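Assembly of the complex is requested from the two constituent chains, each provided in isolation within its own frame, with the hints serving as guidance.
Those sequence lines, one after another, are chains A and B. Under my numbering, residues 1 to 259 are what the first sequence spells out, in order. Under my numbering, residues 260 to 544 are what the second sequence spells out, in order.
Just so you know, the hints here were simulated from the structure itself, not pulled from any lab data. From a predicted model like this one, the values you see are computed outputs, not experimental measurements. Since no wrong hints were added, every one of them can be taken at face value.
Simulated crosslink set (DSS-like; lysine-lysine; CA at most 30 angstroms straight-line):
1. 105(A) <-> 443(B)
2. 186(A) <-> 443(B)
3. 492(B) <-> 345(B)
4. 537(B) <-> 473(B)
5. 58(A) <-> 443(B)
6. 537(B) <-> 443(B)
7. 492(B) <-> 329(B)
8. 105(A) <-> 537(B)
9. 383(B) <-> 443(B)
10. 58(A) <-> 441(B)
11. 441(B) <-> 473(B)
12. 443(B) <-> 114(A)
13. 537(B) <-> 441(B)
14. 114(A) <-> 182(A)
15. 473(B) <-> 492(B)
16. 473(B) <-> 539(B)
17. 329(B) <-> 348(B)
18. 443(B) <-> 182(A)
19. 105(A) <-> 186(A)
20. 473(B) <-> 348(B)
21. 441(B) <-> 114(A)
22. 234(A) <-> 249(A)
23. 58(A) <-> 383(B)
24. 105(A) <-> 441(B)
25. 58(A) <-> 186(A)
26. 58(A) <-> 105(A)
27. 441(B) <-> 383(B)
28. 348(B) <-> 492(B)
29. 186(A) <-> 114(A)
30. 441(B) <-> 182(A)
31. 539(B) <-> 114(A)
32. 234(A) <-> 186(A)
33. 234(A) <-> 182(A)
34. 539(B) <-> 105(A)
35. 441(B) <-> 186(A)
Chain by chain, the residues run as shown.
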Amino acid sequence: MAQIEMRDVSLSYFTPRQETEALRGISLSIDNGEFISIVGPSGCGKSTLLSLISGMLKPTSGRVLIDGREVAGTSPQVGYMLQHDHLFEWRDVLSNVLVGAQIRKMDRREADRKALALLERYGLGGFARHSPSQLSGGMRQRVALIRTLVTEPDILLLDEPFSALDYQTRLQLADEVHGIIKDQGKTAVLVTHDISEAITMADRVMVMSRRPSTISAVHDIRFGEGVIGSPWAKREAAPYRQYFSTIWKELQAHAGSAV
Amino acid sequence: MPVQPFRHSAPAPQPAPATGPSPLYRRYLAAQRRRRTWIWLSRFAVLAAFLLLWEIAAGRGWIDSMLTSKPSLLWSSFREMLLEGKLLKHTWTTTLETLVGIVVSMALGTVIAVVFWWSTFASKVLEPYVVVLNALPKVALGPIFYIWLGDRYSIYGMAVAISVIVTIMMVENGFREIGRSKLKLMESFGATRTQMLTMVILPASIPNWIATLKVNVGLTLVGVIMGEFLSSKAGLGYLIIYGGQVFQMNMVMVSIAILALLSIALYGLVNLLGAWLKRKNHFEG
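Isolated chain B (complex conformation) (with noise of 0.2 angstroms):
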């Protein structure tokens, strides 16, 4: 929050009085809503400058259209794919690959990460492993997807493969940051291993979970994307892919920007559990 413009010559009030807030703090309020609201328009204003230059431009002929499409174009084939119900059919066979590889990923990566808090032994054992596997470009593992799990699965295999690591290097790290001392706390009342993780090392790392949570979904959808890129018959990374070798820019770009909304959406619904779950816990502030 930006301080507040106003300068009160006696040391600020503690609690507001029952009376209400003052004239000068409803002002400083007012400017605030104003600056929002000036702040969403212009969000909005920029969007539609972008459409309409884009539609002036293509239909001026300064650009291509059949390279660019143009915002109307657009329109229409997403009304027409629409009603043919094919978009609404490839939209959610994304959505659900990209959530069940969130669930996933996080899930294992979580379970990962408590095995090596466990057993140090086996973390120093693994260690050298994790890092090679970051460190692979995953998409590479695609045709051994492609083959051991068939052309629906192996979509689930890609996006766990691009998220999974990077889940369980971000919760471990989560754990180590908790500090010792909590732990010597536990100890000292003789906690057994199975405690100090349910009552400190699970509930201490929500935030961080919450942090991994975020990062997970972006990486689920290149994983999804990618899958579907190299081998699906349905999903919007297929219907794209599909469009490019048709040459039906139309169709790439309602796709793009669907995939747009959808992770809007997914990282909408991420901030709000996050949010709920540290409200539920206590982490706010």
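Bound-form chain A, shown alone (with noise of 0.2 angstroms):
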């Protein structure tokens, strides 16, 4: 069955001046365990998506259901990863990663050994006292994935959580995050204008058209028999050209449009 499922779903913002529909009959349906990227033209509702998924939003029309249950507001099984990392610099490493769990009032102990252990096997072990000043992107970017983790969410929603970084560390960290949400199991919905980091990624591209959004193509990534791993190996295996043209000339057709 599909862990997440959106049914025509539409959404306008309002505005005094104006009113902008965002998204115009959407429908998805996402696999328990599946990687999906969403790629599209930027201002295309991207987030807007993942802040209906995630329950911030409510549909304007449609309906979004996660377990075949409708979604109403924020629920612990979906964890947010946004672009930034907002780390708090009043609290130390650990007290960051424990923040999910404060706001929905785990339980203390429970939580601390947790994010120890997840501290620990991602390589923040030695950093768990440290102010998040002292950390480089990379690593701030690998803490916030723990705070999400702690809050053990079965979903991911990943805004861009790259883009803020070198790309250097960009690539490096798309290995180790892939790495970890493959490690954990989870479901994960990835939104970026990269289209590398999309397919090397994902199970499945979606990608958007303009605005009003829709889907307009849905890729399935298939590196076919014996190239699994890392999206770094995936860049150097062949299909990888292939899906980066079709999808670059549909994102170009929908910029065209724009012009």
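Now the structure itself:
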């Protein structure tokens, strides 16, 4: 059964000046453990889509379902990772990681134990008592991911989580985050404007059109038997170029109609 | 910090080697120290020169010491007032009023700013009133405070009236400057409004709150002295007004000097508190 389902979802923003139709008639279905990437021209409402799944926004029409139940407000089942890490400078790394657990009023000792185990496992074991300003950009973003994981969501929503990083860190972190998410067996939805990132991390890539956005194409990403592994390795594999140029052309078509 | 005046041909070494600072670096540090000493010495020299010139000018009759007094007279009248116990009593009165005024207006201002943050409706409704109250010269309210609160408590009324509006506006502004997306993160974890307030809004605005506190100290002092001018029977403001009425320039100037020292002390205290709060919450740097 599909874990995330959208049925004919539309969303409009209202301001005193105007009404903006952001999404129109979106239907999709994402299975348990799948990794989905969403690409599209900037301002096409990719992040809005994530906000709908997370329950922070309500659709103007249509239904958003998780495990067959309609989404009503934020739920512990869904974790959200933003473009910036937003670590709180007044808290050390460990207590930053525990922010979500504290908000959700999880058992303190249990959360502590889990947080320390995750920090240890993903190479931040020695940094629990450091302040965020002492960490590099990549480490900070990893801390942000762990903060989300501590609350044990089944679904991870990633809103351009690498775009604030320099190129090298970005490639490296994409590998690590992909590894962590697969390792934890989570369902993930990644919003990005980086086509390579979308192709190499996901099982499926959805392409969105310009506003009012719909999903204009869905690509199953298959690298054939034998080529499994890190996003980095996939960049070297043959099908990568093919996917890239196809998606590139689709996005160009959307951009072209904008001029 | 000014840039080190010496250039290394090699790229800057990362951590200092275990052998300690290089001779060049030590020379740089010594130069910095000398410079700081000079600055302090010069500051005192300026004050000393001013007092000396004043004394000489009054002594030689270049200026009328009836109108200007002179440092030696100030010193003797300072000792006299100190011995009578008058000076300490009045200084203490003003200090206490100022401290209470600061605490009350910071607390009240923060609470009102939180209310405005909590309810956009309330903040929209009350916005024009805040603007008007901010523009209104609070001194004009003096007689009202005197009649309502009496000669002692009207001081607090004036002090709080002058500082609370600016406090509200500064604290509220600080709240607004906290990034929307930090709150979005909180929302994604399902945080309540109370949790957002205690976990993000309040801690994130500590630096702004300290800046507000510094402004508040100055304004509250203005309010207290103004209040004492208008209605009080004690305090440095009372001494200044009284000294002026009986043409005792010594009393006026000694009181002003003590007031200057008091404001330096309060400012220093607030700086220490601010540094401690920032360090405690990792805002340094």
